[in-house]
Amino acid sequence: GENVEQHPSTLSVQEGDSAVIKCTYSDSASNYFPWYKQELGKRPQLIIDIRSNMDKRQGQRVTVLLNKTVKHLSLQIAATQPGDSAVYFCAERGAGGTSYGKLTFGQGTILTVHP
Amino acid sequence: DVKVTQSSRYLVKRTGEKVFLECVQDMDHENMFWYRQDPGLGLRLIYFSYDVKMKEKGDIPEGYSVSREKKERFSLILESASTNQTSMYLCASSLTGHGANVLTFGAGSRLTVL
Numbered sequence: 001g002e003n004v005e006q007h008p009s010t011l012s013v014q015e016g017d018s019a020v021i022k023c024t025y026s027d028s029a030s031n032y033f034p035w036y037k038q039e040l041g042k043r044p045q046l047i048i049d050i051r052s053n054m055d056k057r058q059g060q061r062v063t064v065l066l067n068k069t070v071k072h073l074s075l076q077i078a079a080t081q082p083g084d085s086a087v088y089f090c091a092e093r094g095a096g097g098t099s100y101g102k103l104t105f106g107q108g109t110i111l112t113v114h115p
Numbered sequence: 001d002v003k004v005t006q007s008s009r010y011l012v013k014r015t016g017e018k019v020f021l022e023c024v025q026d027m028d029h030e031n032m033f034w035y036r037q038d039p040g041l042g043l044r045l046i047y048f049s050y051d052v053k054m055k056e057k058g059d060i061p062e063g064y065s066v067s068r069e070k071k072e073r074f075s076l077i078l079e080s081a082s083t084n085q086t087s088m089y090l091c092a093s094s095l096t097g098h099g100a101n102v103l104t105f106g107a108g109s110r111l112t113v114l
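Protein chains in written order, with the working numbering: chain A, 1 to 115; chain B, 1 to 114.
Hint data in this document are derived by calculation from the structure and do not stem from the laboratory.
Backbone N, C-alpha and C define an ideal beta-carbon position, used for all residues, glycine too.
Incorrect hints may appear among the rest.
Estimated spans, in silico, between C-beta atoms of each pair [unchecked claim]: (1) A/P82 with B/G63: 35 to 43 Å; (2) B/G97 with A/P115: 22 to 30 Å; (3) A/L46 with B/D26: 14 to 22 Å; (4) A/K56 with B/G97: 20 to 28 Å; (5) B/A107 with A/A29: 31 to 39 Å; (6) B/E62 with A/R57: 35 to 43 Å; (7) B/D26 with A/G59: 42 to 50 Å; (8) A/P115 with B/K53: 48 to 56 Å; (9) B/V52 with A/P115: 46 to 54 Å.
One chain only, chain A, in its complex shape (with noise of 0.2 Å):
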């Protein structure tokens, strides 16, 4: 089955400096990963995906690489805010079958940004 590791398990950054998660996910017939955002006490959200046919994609202040030859991923947030700081997890979707639409998510991490 699909299994994703994801690194660090906390992270500590000062305000306007940048942090980076990263991830590894084990199938490669995986074709889709998100990256879900979730704040004290609040549901996890939708910040940003990529799809196995692209390697970058940006939105604003958040980019993400995907490197399949490696099953790496990663997360970077540019120019932190408080407002960041939050648990984020990476996720990936098997291809095919009733695996369609399931996620299997990484271990989050624990982003704290400093004033």
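Assemble chain B onto chain A, guided by the hints.
Using the frame of chain A, we list chain B on its own:
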């Protein structure tokens, strides 16, 4: 505009009790999921359903069952609750096809088993 509603935010149950966690979505989504969230372990899939009366085991189905009698409702059942089932339970839903990419989560149900 709450779209995935979990009926209980906090529950306290005793070991051996039968527990029902209810989830309702109003987006006409085909797929529904139950995840368990524990610190350091992320979100782990318990069961999912891609159609009414259809269910598939996730990664940690032991000790749980589910029911999906109507498209909008997906129930998680703990037949005999145990202390190691103390956790946060998150329900989610998604469309089929290209829309299957995005999960919409409920607010979560925090279960404590004494």
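Results of checking the hints against the structure:
Taking the beta carbon of each, A/P82 and B/G63 are about 39 Å apart, inside 35 to 43 Å as hinted. A beta carbon spacing of about 43 Å between B/G97 and A/P115 contradicts the range 22 to 30 Å that was offered as a hint. The given range of 14 to 22 Å is respected by A/L46 and B/D26, whose C-beta atoms sit roughly 19 Å from each other. At about 25 Å, the CB distance of A/K56 to B/G97 agrees with the hint of 20 to 28 Å.
Judged by the Cβ atoms, the range 31 to 39 Å given for B/A107 and A/A29 holds: they are separated by roughly 33 Å. Between B/E62 and A/R57 the beta carbons are some 37 Å apart, a value that agrees with the proposed interval 35 to 43 Å. At about 28 Å, the CB distance of B/D26 to A/G59 disagrees with the hint of 42 to 50 Å. Our hint of 48 to 56 Å for A/P115 and B/K53 holds, since their Cβ atoms are close to 52 Å apart.
Hint check: B/V52 to A/P115, Cβ distance near 49 Å, so the stated range 46 to 54 Å holds.
When each numbered hint is compared with the structure, violations occur for hints 2, 7.
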